[in-house]
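Position in the first sequence (first residue = 1) + 454 = the working numbering.
Calculated from the structure, these hints are not laboratory results.
Where is the CB? At the ideal position from N, CA and C, for every residue including glycine.
Treat each hint with caution, since some may be false.
[To be verified] Here are the simulated DMTMM-like cross-link-like pairs (lysine to aspartate or glutamate), alpha carbons at most 25 angstroms apart as the crow flies:
id : residue 1 : residue 2
1  : Lys873    : Glu857
2  : Lys483    : Glu705
3  : Lys770    : Asp524
4  : Lys690    : Glu705
5  : Lys616    : Asp513
6  : Lys473    : Glu857
7  : Lys631    : Glu777
8  : Lys745    : Glu478
9  : Lys551    : Glu499
[Stated by the list, open to error] What follows is a list of derived Cβ distance ranges for each label pair:
id : residue 1 : residue 2 : range
10 : Gly653    : Ala730    : 48 to 58 angstroms
11 : Leu614    : His650    : 23 to 33 angstroms
12 : Leu467    : Lys663    : 25 to 35 angstroms
13 : Glu528    : Arg482    : 41 to 51 angstroms
14 : Arg669    : Glu568    : 20 to 30 angstroms
15 : Lys770    : Arg482    : 16 to 26 angstroms
16 : Arg829    : Glu750    : 50 to 60 angstroms
17 : Lys663    : Lys690    : 22 to 32 angstroms
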Amino acid sequence: MTYRSIKGTRDILPSESWKWQRVEERIRKVMERFNYKEIRTPLFEQTSLFSRSIGELTDLVSKEMYTFEDRSGESITLRPEMTASVVRAYIQHNLGKQLPLVKLYYLGPAFRQERPQAGRLRQFHQFGAEAIGSANPDLDAEMISLSLAIYEELGVKEPLLKINSVGCQNCRPAYMKVLIKALEKIRHELSPESQHRLGVNPLRILDSKLEQDQRATSGVPLMRDHLCPDCAAHYKSVKERLSALGYKFEEDGRLVRGLDYYTKTAFEVISRQLGAQDALAGGGRYDLLVKELGGEATPGIGFAAGMERLMMVLGKNSPSDQEEGTTIFIATVDRKSQDWAMKHALELRRQGVSVELDYLGRSLKAQMREADRQRARYVLIIGENELEARRATLKDMKSGAQETTTFEEIFKRVVSSSKA
RNA sequence: GUGUCCAUAGUUCAGUCGGUCAGAACGCCAGGUUGUGGCCCUGGAGGUCGAGGGUUCGAGUCCCUCUGGACACCCCA
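Use the sequences and the hints to build the structure in full.
Right, here's the structure in full:
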């Protein structure tokens with residue numbers, strides 16, 4: 455038996471990792487244009503941080519977390535998302551005392567023990583942003599705009615924006631009563647699953663994928679029609695700001711977030727190019743979360759996005775550019791030239807040039823083939839004759855032209871072309 | 001957790017009613033140029049046909065179990 459990566463985890467091999475690097479770079483760039491600063495938090499936290507913030511009864515907490523006891527008996531959980539950690543750090547380091555509005559972004563792995571499928575892994579990667587310290591709907595618009603700007607920057611085709619308001623502690627409880635009452639009335643028309651959800655998470659029934667549920671709930675009251683004046687005004691403002699920024703969006707009164715901490719604005723970015731797991735990003739406002747986790751009552755908003763899903767969408771679009779090749783391959787023919795190559799490869803590398811040479815004792819022909827495979831811009835050929843004459847042959851792999859000249863001249867050329 | 005489908009060389013796949021079916025392409029290595037790439041030609045290495053049982057004179061090919069994978073439900077990024 456051979457070892458394999460654990461179910462739902464995967465290796466990102468060199469054939470792919472360079473693409474991830476490119477994408478991550480551009481994500482960071484956009485984040486920074488919006489003046490969000492990176493935060494890196496630990497991969498694991500105290501279990502209660504997540505259960506308290508996300509909600510004890512949510513599916514995520516009740517059956518999807520990687521929770522274990524460490525050797526001291528403390529309950530530890532691999533982060534299933536990043537918002538809780540970011541808010542924890544915000545409180546722990548009193549970030550709100552240093553700045554009235556804290557804008558943070560993150561990028562990294564998260565863990566959820568679900569059955570893997572297209573766009574869903576047990577170790578997956580998320581990037582996202584959090585802005586803590588303002589309840590201003592302008593900030594909601596900025597946050598949504600930020601998430602879309604990233605997809606725009608990367609050339610994602612037709613990301614679909616869906617928004618909704620999930621209310622607040624003032625209006626949601628009352629609405630829930632109305633909703634449950636309405637659902638009770640049509641209970642027998644609901645799917646068995648939804649009948650079960652009635653007792654656990656009635657909101658979920660609204661976005662059930664089953665035709666049966668959709669039909670049955672067509673006349674059921676929606677949160678957006680039962681918002682308190684404050685929430686209604688906020689929601690209206692967000693929509694106005696989005697329109698003013700030129701964004702198209704779809705109001706989805708059935709959009710629900712799976713995490714308990716959301717209030718008011720909820721949004722999702724969907725891609726039709728994905729499978730059943732079609733959410734590229736999801737987020738919303740969480741005005742109660744900081745207080746819930748022990749900080750001073752501070753409003754916040756954020757979003758999280760899936761890297762794997764992004765990569766899937768990007769893979770389906772442009773044929774994408776090529777990985778950069780090495781700049782120069784030094785081909786050698788014997789021990790002496792190999793010694794020379796080792797020494798000068800290091801020298802060139804110190805000057806910022808990417809250099810490769812042969813470690814398999816291959817023929818010159820094989821080394822040339824290797825250089826070609828690496829898409830080297832130049833091959834430097836060094837042998838007995840050259841060593842003696844303190845010259846080497848430099849071949850331009852694109853044109854095929856080659857010339858024998860002094861080491862100094864060659865290095866000058868290689869270093870300058872590597873900087874270009 | 002439930003369901004459906006799948007499992008043959010490094011990769012993508014052929015293998016017809018169970019009887020040379022262990023193959024192709026690409027990739028890899030070498031040679032064709034005893035110091036030179038990409039194209040082309042030639043040759044080579046590489047598989048206990050996911051694992052374990054069973055049916056049969058005989059099983060990649062049929063049956064069972066297991067493992068792994070994909071997708072969907074669920075859930076969500």
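Each hint, compared with the structure:
1. Lys873 with Glu857: 21 angstroms, holds
2. Lys483 with Glu705: Roughly 29 angstroms between the alpha carbons, so the hint for Lys483 and Glu705 is violated.
3. Lys770 with Asp524: 42 angstroms, violated
4. Lys690 with Glu705: OK: Lys690 and Glu705 at ~11 angstroms, within 25 angstroms.
5. Lys616 with Asp513: 22 angstroms, holds
6. Lys473 with Glu857: 35 angstroms, violated
7. Lys631 with Glu777: Since the Cα atoms of Lys631 and Glu777 sit roughly 57 angstroms apart, the hinted pair is violated (cutoff 25 angstroms).
8. Lys745 with Glu478: Distance ~32 angstroms between Lys745 and Glu478 Cα, so the pair is violated.
9. Lys551 with Glu499: 23 angstroms, holds
10. Gly653 with Ala730: 48 to 58 angstroms: 26 angstroms, violated
11. Leu614 with His650: 23 to 33 angstroms: 30 angstroms, holds
12. Leu467 with Lys663: 25 to 35 angstroms: For Lys663 against Leu467, whose Cβ atoms are near 34 angstroms apart, the range 25 to 35 angstroms holds.
13. Glu528 with Arg482: 41 to 51 angstroms: Once the Cβ atoms are compared, 34 angstroms apart, the range 41 to 51 angstroms for Arg482 and Glu528 is violated.
14. Arg669 with Glu568: 20 to 30 angstroms: Hint holds: Cβ distance 28 angstroms, inside 20 to 30 angstroms.
15. Lys770 with Arg482: 16 to 26 angstroms: 23 angstroms, holds
16. Arg829 with Glu750: 50 to 60 angstroms: Between Arg829 and Glu750, where Cβ atoms are some 56 angstroms apart, the hint holds.
17. Lys663 with Lys690: 22 to 32 angstroms: At 29 angstroms between Cβs, range holds.
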